[in-house]
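**Student:** Listed here are the chains, written in short residue letters.
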Amino acid sequence: MLRSALSARNLLKLASLCAGLLPVLPVSGPAFANHESFAPARVVSINLCTDQMAMLLAGDSQLVSVSNLAADPAVSAMADEARRYTLNHGLAEEVFLMKPDLVLAGSYTTRETVNLLKRLGIPVAEFDPEASFEDVRENILRMGHLLGHEQAAGSLVAEMDETLAALTAAPASHETAALYFANGYTSGEGTLAGDLVARAGLENIGISAGIDGLGRLPLERLVMAAPDVIIGGGSGYDAPALAEASFAHPAFRAAAAKAELVDLPSRLTICGGPFNLAAVARLKHRAAAGGLPDKGDTASRFSDWELRSGNAP
Amino acid sequence: MTERRRYVFLLTGLSLLVAVLFMASLTVGPAGFGFRAALSGLFSHDAGAIALIMQEIRLPRALLGLTIGATLGLSGAVLQGYLRNPLAEPGLLGVTASASLGAVIAIYTGLSALFALALPVLALVFSFLSVVLVRFLAGGGARSLSIILAGVAVTSFAGAVTALALNLSPNPFAAMEIMFWMLGSLADRSMLQFWLAAPFMAFGWTLLFASARALDAMTIGHDAAQSLGISPKTTERLVIWGVATSVGAATAVSGAIGFVGLVVPHLLRPLVGALPSRLLPASALGGAAVLLAADVAVRLVAPERDLKIGVVTALIGAPFFLWLIFKTRRELI
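Those protein sequence lines, which keep their order, are chains E and B.
First residue of the first sequence? That's 1 in our numbering, and the numbers climb one at a time after it.
First residue of the second sequence? That's 1001 in our numbering, and the numbers climb one at a time after it.
Next comes chain B alone, as it looks inside the complex (with noise of 0.2 Å):
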């Protein structure tokens, strides 16, 4: 009884960090305007400079990185559990390098321009095929080393092919962009982008976490689960295509962003137990106040330079991650 209220503490306690972190994502910003203005300007109705910064560049932003950071946290965490693999992370498996290279696609050869659905549909499908392509490399067993091969070995074919095609594309600016695709910004995204995302993401989550109660019946072990009446098929479709479709969706309008789904679900397994299934929540949490936390501190160290996210989700998570292989070393293993 009390690791469930200390569950329900810590998920309180989550969403509280959100939700201030979410308000801090909407009252930071270089036009420098007070706490008041900037929450009379998000309901206010007249055009004025406020209205439109809060309505039209700030929630974007804030919604963009709630959405965007709970995805990631959430498909680490179920990727951890499915594969039972410490190290699995759609940013590790190859699926945001490949979601990035879709995105690109789409882009780059003016598809997105004639028909906006085509940039999440073509992130999704090449983020599906990258978890198929995994999966499929690393065999049946599912073990440890092969996955992560597989998934550098595709995180650097989809970087590759990805720099190539901006390189070859005739508007040098286009080049330029090889940094946004693979370190992911916030900065500047539109109401459009959030709702051309946010559908995709929402039906990943909610595939995801329907896999929660299978994942919980695999700690056990493959053969109890299915003598519980979990199906492996359904359990690796459900797995799957959720990764893909939120994974996919979210890289297409931010760039690749790594480390939250790496490092969230570690810190927080230690608070939640043994089981998957509380891990979800909490981890769709802990992402959604990484990627805030990470996109406040974009503004705050350098305003005028358009730092990408990644850079910071690289610099703070990297070390953290470090420290935790050497805290947990033997776990790990």
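Bound-form chain E, shown alone (with noise of 0.2 Å):
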């Protein structure tokens, strides 16, 4: 969700003011790493998505330290895996002070940190944010094969597959859905978010309204539309923002009330990674299990995603 509250005009404020390690709008970025060809032994993530990645593949003592992002519930879904490690802010300093001899940074933030580092000689693998659930696979592939563990990655992405073709199999219902979170903001087309949604079988109207990427959803559109379906839900911070005001506002709750609202944790469809698939089951069987996945179908091993970090509902 918060990804969903960036826009290009806001973004460089963004970047400056939380360390900018969140993935922003998709584009291709060039930048390998040098050697691919043998395992790193010291590696350091500074972008949320990378943290996660990298803490699902890399070996015992590969990975030196995650972003401080990888830790807030409110973002990230291995919250509790990252408290294990050592939490850095991307600045180029304290990265530099872990000799790292691999850094894994997302494509458009930190950008003065994975300059810095590259000048200093440092290895930066950066990486595209994903924009679909091909991306995703895509970029766990990569990142098995920087780590030297290509077998976990593509038995993870086989096992990824696996689930999601069991999610999908049943008829998609076409029923309406829109995407609104914090600020009034949706997914469009070309997004994670948008994806996941189209996949678990509903008919995204941000892609409808035209919005590609991501962008405002006005609250008057929303009420117009009149979805089938709201996926939504708070930024999952407790400290009160104005960006929350949406969901308070009476016209919301007067459309949320004639649609069924399903509370969907941004830090599920934030980065790729297999809880995008507890996402699609939360989607997919909204109906069936009050809003929460099915723990009985193939779904389980990822759904246990929610309850593993923080502040699940």
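Worth double-checking, as some hints may not be accurate.
[As the list claims (entries may be wrong)] Going by beta-carbon spacing under 7 Å, a handful of chain E positions derived as facing chain B:
(1) Gly59
(2) Val64
(3) Asn68
(4) Leu219
(5) Glu220
(6) Arg221
(7) Pro240
(8) Ala251
(9) Ala256
(10) Ala257
(11) Ala259
(12) Val262
Treat the hints as calculated values from the structure; they're not laboratory data.
Every value quoted in this text rests on a predicted model; they were computed, and no experiment measured them.
Virtual Cβ for every residue (Gly too), placed ideally from N, Cα, C.
Using the hints, build the complex out of the two chains.
**Tutor:** Here is the structure:
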């Protein structure tokens, strides 16, 4: 949801304000590390999404540090795991002092840090934010290759494919759905959250409203569209902010009363990983299990992602 | 007699303009239904989508545009008349920035969630403190330059503390809302916020209008005014409390909106003659018209972007003000 609150214009601001460890808009980016051929021994990750992929795939003591956002249950699906690592804040100085032989970064955030580390001769592997489940598969395989754990990555992807196939075997309901996050942001064409909604068999009204990437869905448009399902929820932070005010607006409440409201924690859709399948399962089985994924099906291995992190509902 | 007739014409014209812009504010929006549907939705009792949008989204927005614009125009006119300073305006004197700070403290500490009135009250307290502080810093003589300098200092201090408070919030969304508090917006307000702010604004207006006679008398000088039975203490209280209450409540729900209070009185002063008491109603209507127009423009230019209304008021207000300075250089000094 943090990701959904971003837009091109406040990107720079947020990047500088919270050390910018978040993934942003999808575009292509270059820069692979020089020595992908042999496994690095001291890996430092400075981006929420690479943090989670690295924690899934890295060997014992191979991963030295992850970003502080990885330990934040509001945005990270692996907050508990992350607490076992040293946390960094994406600053060049602290990362350099950890003497990494590979730094994992996102291709749109902490640009100054990445540039500085490259000038200091530290190999940096940059990962594009995922815009679809396909991108998630590719990034996981690439991460496995970089860390020298191709086999683990391959079997994780195979397992995810299998789970997704089982989840999408049931016919799509084609109900209309609106993703509605804090500040009235929604995910449209070319976003991971949008792709997951589509794979759960729902019609995303963000796409029919012509929203490309992340954009604001005006409250008026949400009320007019009268979707069957509203997928949303708060930012996951306790501290108050105006961003949450849209959920308390009488017009939103009236629209939500007529629709089925599904709380989808943003940590399941911000980054790519097996927890994405917990999101699909939750969307698919919302009616059957009162909004919670069905424990009995093939998704059970992944649905407990929601319970593992600190503030599961 | 002709001057009086011209004044009546002006007020009628401004009222019509405000009425037209109020209707425009009600009928322009991203949902895109027709004028007729909008009007029937406004008065319909069914719970349909259009009725919901009209009554819960557009009506509070238009009402807030009307009342906040009037507040800014009116308090700009009163401050310019009272301080006899052409640059006096709630924004430049630090009143809106301080009210923002009060509102930020009320909202982000969670106080306003416990007790809704905390929001306007805290904004009011901070705007009151800023007016008193500027008045004190500028000294009794209220010389032009020292008042503006004091206002600049208070504005940047309040702005810095606001930004600090939002940056320190454990919720990263708060930091992005700095923009709202510094530039203002009327998007997606609700009737609750209107009812929260309206009584304070109305109370502020009565105080400001009550100062009109004293402002007229003061144009002939402080001593002469006193000999006419005008108490400087009472006038000061009326102005300070009036501005603090109305601007504080307005800023608490809309954020700081600049330039309306500065430009509108200057625009209308040549049309109403020299008397401040005549400028007040005209400025209130003018301010409402400008803010309603700016809010419609925000929705037409970038409906999906939540463009902040302060951007539009400054984009239109600043060049206009420069032109005004150029035209009337001698009179302003």
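**Student:** Hints first: check each against the structure and report whether it holds.
**Tutor:** Hint by hint, here is what the structure shows:
The interface hint given for E/Gly59 is broken, as the beta carbon of that residue sits about 32 Å from the closest beta carbon of chain B, more than 7 Å. The interface hint given for E/Val64 is violated, since its Cβ lies 25 Å from the closest Cβ of chain B, which is over the 7 Å cut-off. This hint is violated: E/Asn68 has a C-beta 12 Å from the nearest C-beta of chain B, more than the 7 Å allowed. With 7 Å as the threshold, the beta carbon of E/Leu219 comes within range of chain B, its nearest partner Cβ sitting at about 5 Å, so the hint holds.
Look at E/Glu220: its Cβ gets to within about 4 Å of chain B, closer than 7 Å, so that hint holds up. Satisfaction of the interface hint for E/Arg221 is found here, the shortest Cβ-Cβ separation to chain B being roughly 5 Å, below the 7 Å cut-off. Interface restraint check for E/Pro240: the shortest CB-CB distance to chain B comes to about 5 Å, inside 7 Å, so the restraint holds. At about 4 Å, the closest approach between the beta carbon of E/Ala251 and any beta carbon in chain B falls short of 7 Å, and the interface hint on this residue holds.
The closest approach between the C-beta of E/Ala256 and any C-beta of chain B is roughly 12 Å, which is over the 7 Å cut-off, so the hint fails. For the restraint placing E/Ala257 at the interface with chain B, the shortest Cβ-Cβ distance is roughly 9 Å, beyond the 7 Å limit, so the hint is violated. The restraint placing E/Ala259 at the interface with chain B is violated, with a minimum CB-CB distance near 12 Å, outside the 7 Å limit. Here the hint on E/Val262 is broken, as its CB sits about 21 Å from the closest CB of chain B, past 7 Å.
When held up to the earlier numbered hints, the structure conflicts with 1, 2, 3, 9, 10, 11, 12 and fits the remainder.
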